[in-house]
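Number of protein chains: 2
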Amino acid sequence: MQRNILKRLLSSPCPRLQRYKSVSLTCEQYPNLKRGDFAQLEDSDVQTFTSILGPGNVLTLADDVEGYNTDWLRTVRGQTRCVLKPKDTEQISEILSFCNKRRIAVCPQGGNTGLVGGSVPVFDEVVLSTSQMNKILNIDLDSSTVVAQSGVVLEALDTELSQHGLMVPIDLGAKGSCHIGGNVATNAGGLRLLRYGSLHGSVLGIEAVMANGQVLDCLNTLKKDNTGYDLKQLFIGSEGTLGVITKVALALPPRPKSINLAYLSLKSFADVATVFRRSRADLGEILSSCEFIDKECMKCVTENLNLSNPLGHSEFYMLIETSGSNPTHDEEKLNIFLENMLAEEIVSDGTVATAPSKQREIWQLRERIAESLLVDGYCYKYDISLPLSVFYQAVLDMRQRVGGKATRCVGYGHIGDGNLHLNVTTPRYSQEVMDLIEPFLYEWTSKYRGSISAEHGLGFKKRNFIGFSKSAAAVMLMKKIKQEMDPNGILNPYKVLPDL
Amino acid sequence: MQRNILKRLLSSPCPRLQRYKSVSLTCEQYPNLKRGDFAQLEDSDVQTFTSILGPGNVLTLADDVEGYNTDWLRTVRGQTRCVLKPKDTEQISEILSFCNKRRIAVCPQGGNTGLVGGSVPVFDEVVLSTSQMNKILNIDLDSSTVVAQSGVVLEALDTELSQHGLMVPIDLGAKGSCHIGGNVATNAGGLRLLRYGSLHGSVLGIEAVMANGQVLDCLNTLKKDNTGYDLKQLFIGSEGTLGVITKVALALPPRPKSINLAYLSLKSFADVATVFRRSRADLGEILSSCEFIDKECMKCVTENLNLSNPLGHSEFYMLIETSGSNPTHDEEKLNIFLENMLAEEIVSDGTVATAPSKQREIWQLRERIAESLLVDGYCYKYDISLPLSVFYQAVLDMRQRVGGKATRCVGYGHIGDGNLHLNVTTPRYSQEVMDLIEPFLYEWTSKYRGSISAEHGLGFKKRNFIGFSKSAAAVMLMKKIKQEMDPNGILNPYKVLPDL
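So the sequences go chain by chain: V and X.
Take the first sequence: its letter number 121 is residue 123 in the numbering used here, and every next letter is one higher.
Take the second sequence: its letter number 228 is residue 230 in the numbering used here, and every next letter is one higher.
Source of the hints: derived by calculation from the structure; they are not laboratory data.
Please read all numbers here as calculations on a predicted model, not as lab measurements.
Among the hints, a few may not be true.
Copies of the same chain are indistinguishable here, so a pair counts whether it falls within one copy or spans any two.
The calculated lysine to any residue pairs, modelled on SDA-like cross-linking and capped at a C-alpha distance of 20 Å, are [stated by the list, open to error]:
# : residue 1 : residue 2
1 : 259       : 345
2 : 481       : 219
3 : 259       : 337
4 : 449       : 34
5 : 449       : 144
6 : 449       : 219
7 : 449       : 149
Make a model of the complete structure from these sequences and hints.
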């Protein structure tokens, strides 16, 4: 049976893939890109996979694999014919050991919410999905830690932890789909990094399967462990190119007893920067998020998704969230801060939400921006770190540069972390607009020693621009590490490291 | 001239080294330890060093090099005849390039306050001291970051930052001597990790010189940068075996406007654990330190250093520190918490210090414990992570095991991080006592999946016990990385990785 399915796949392209054709780029559209020297998938391989995983966990029907081939943004499309859905570490170990010997390329995939084409195949890499690796294994209330399989959905994990007065230290718009293993593999940042720090600090342990199938147990749940090199750090942000993360252990902050959300409108970006600086000083330890949205961006999210904006038209908007242990204290701190900001005319208008439902409503204006941009057609997505002094100038310069050729050019993001999301949209992919943006924006960012990918990673789309943020010596060392850990290069090829 | 100095050194042992003889172990006392296949230092090498650094920065006189050969605990003693004191990255690059070609072994040394023999030579490795790499290069108030050379003393850095309302996110007893580069190289933990997280989270960038002299510039000052593997993480905690850290960039928390210190006495360890759990829940975001000291330990620090203890005799003591942005709120939170603890008879007695001078006095009881233990003679020093449920049992079991053969067996440390400092003292080094402790304590720790070195690192003394906390596969990968980054093994040999 498997043999027939594979034959059919090879002979006829899937009609439903056409749906995305206008916006997705396949490997053929990258003229200099060549398929690596990997084995072609044979029927006997599919049989081996099936013998390891059981028949229901090896997908080869065109309709079944379609969703695994296309990224969430619908900007890139792979050509896999086979998706594997293991349930545990041992199965992943067996699969990788086999693929390594056969030189079959593998694309690990979590919730497939990545924004740089890192989680979908480029050619015909077998997709290794963590969607069935979805067990929470242990919650330790004494040490405030959790151990979970890598495929647990972020929101599901957080909901479970909320029962115990704990929380996951990251949160992002894709929380309903993204997997915790994918978050760790991509070093996801998100909305509360300024309070809870990066995953390099809060991931305590990782279990990963190496390219050759060997299980690497760094599944520590200790806050402190200085016994040798901290190998788990290598996997955080390596986007599945050094190993497949199978379990993670996280340090968990206490769930705040009180959360307040201030939603503000402001006249200028200078005011936005001032509010950030002052909130950091005045709200101190209770500040848990500091986000901004520009006017063009607010227009996009409200119009394209039909959401309502409780404040009137303004040049800029901010969301300032506080999280603390004492509602009275928190409210007092926030009120004093906001009164000062209004009295000094730094903030034009504002509202404070204390009810969770009202907070969720406001957060939608921020969290659903990515979705709203897709409604325009094709989204050129950039995620850069910049010094505050030139932060918004990047948007102004880019807007002028693309001019009328783009539907819009917007700026929003995590000002509290110096992280700007700069997005340009057009009805469909335009090489002309792309050429206006790249490498211009990378050069711009590099000039100020910014990062050309603050939190999204390099994946497929940005790997060849790594030189704008990393030195040649650093890239060379990365390549050596990759070569050492995955000598056949089977793990997520064409990702992270540059082609040359 | 250099030639004569070297000759004299080779022919006559330094008389002042005798002073430590009773307590320091030299390489001859480790029967299975063999000098690596490194070049012997020749006069021409010293001349080359002098030509790179200038004559005043190459020490070869026995009296001058003595302090660099002996660790702070006076438990190990190296035999270097040459100490180099470079001023900048370029000089270190030149030195390492030369040493790598000549296969001269190098021991990087910061403030030499390490507790596992990692910062002193074992045989005749050349010491590369960062003591003149002491410039603070940039403080950025917008992004709250600092860039400094690696030899800046931790306390000096913090004092400078205090002028700007900022602070270094680590603090430890050795702050007056330890270097920030050494802190990073050893992934120092210290007194406030539970609040500000580990250096894996707060180090934003590192510049390091590789074994072959190549400068690796990962000197990012951005909060977020996901462009390729996070190479700087490899250097954090690698104890100078993968490269010499020359500059570091740190993310800085705002300096708290209000600090309170509660000093408590308690009847049992169960009460200590309860106070920790409750402080985490009730003090939440303002809790900045949670330390404990047992009775035996308090006796040692008060008697050996003639310090006074403001509370009466008790089985256990705790220091609970809060740091926040609003003195009234902080005091209110702490008072409610302490009233509850006293009312519920979990705490026997307590005092709260708000004046900095009074706080310093109390902190001395904690910070000077290591020093007080040395007064006894030889200190067998252990630094382990354990689950709270078995945390103090380790001390009780060990105390029973060493019995009257030890001067004392004490427990103290960072209960907030699950980090126990377990120390045994004797008048002089006793192999019998050592054999009672090791490998017993490592086996004990391993049974509970603890770490045999929570924050001190492995250095020279604990490298061969790495297997109690790390899997064979993990150690193998560490060795591969070492081999890749330092093929001649010149950087801090006999450290971190096991002999076999």
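Q) Within a copy, between copies, both or neither: where do residue 449 and residue 144 come within 20 Å Cα-Cα? A) The answer is between: 18 Å across copies meets 20 Å, while 47 Å in one copy does not.
Q: Since the copies are identical, ignore which copy is meant and state whether residue 259 and residue 337 lie within 20 Å (CA to CA) inside a copy, between copies, both or neither.
A: both (18 Å within a copy, 19 Å between copies)
Q. Are the CA atoms of residue 259 and residue 345 at most 20 Å apart within a copy, between copies, both, or neither?
A. neither (29 Å within a copy, 23 Å between copies)
Q. 20 Å Cα cut-off: does residue 481 pair with residue 219 within a copy, between copies, both or neither?
A. Between. Shortest inter-copy distance 16 Å satisfies the 20 Å Cα cut-off; intra-copy 23 Å does not.
Q. How do residue 449 and residue 149 come out at 20 Å by Cα distance, when the copy is not named: within, between, both, or neither?
A. between (41 Å within a copy, 19 Å between copies)
Q.
If the cut is 20 Å between Cα atoms, do residue 449 and residue 219 qualify within a copy, between copies, both or neither?
A. between (41 Å within a copy, 16 Å between copies)
Q: Please work out whether the CA atoms of residue 449 and residue 34 approach to 20 Å or closer within one copy, between two copies, in both situations, or in neither?
A: neither (27 Å within a copy, 54 Å between copies)
The structure does not agree with the numbered hints 1 and 4 stated previously, though it agrees with the rest.
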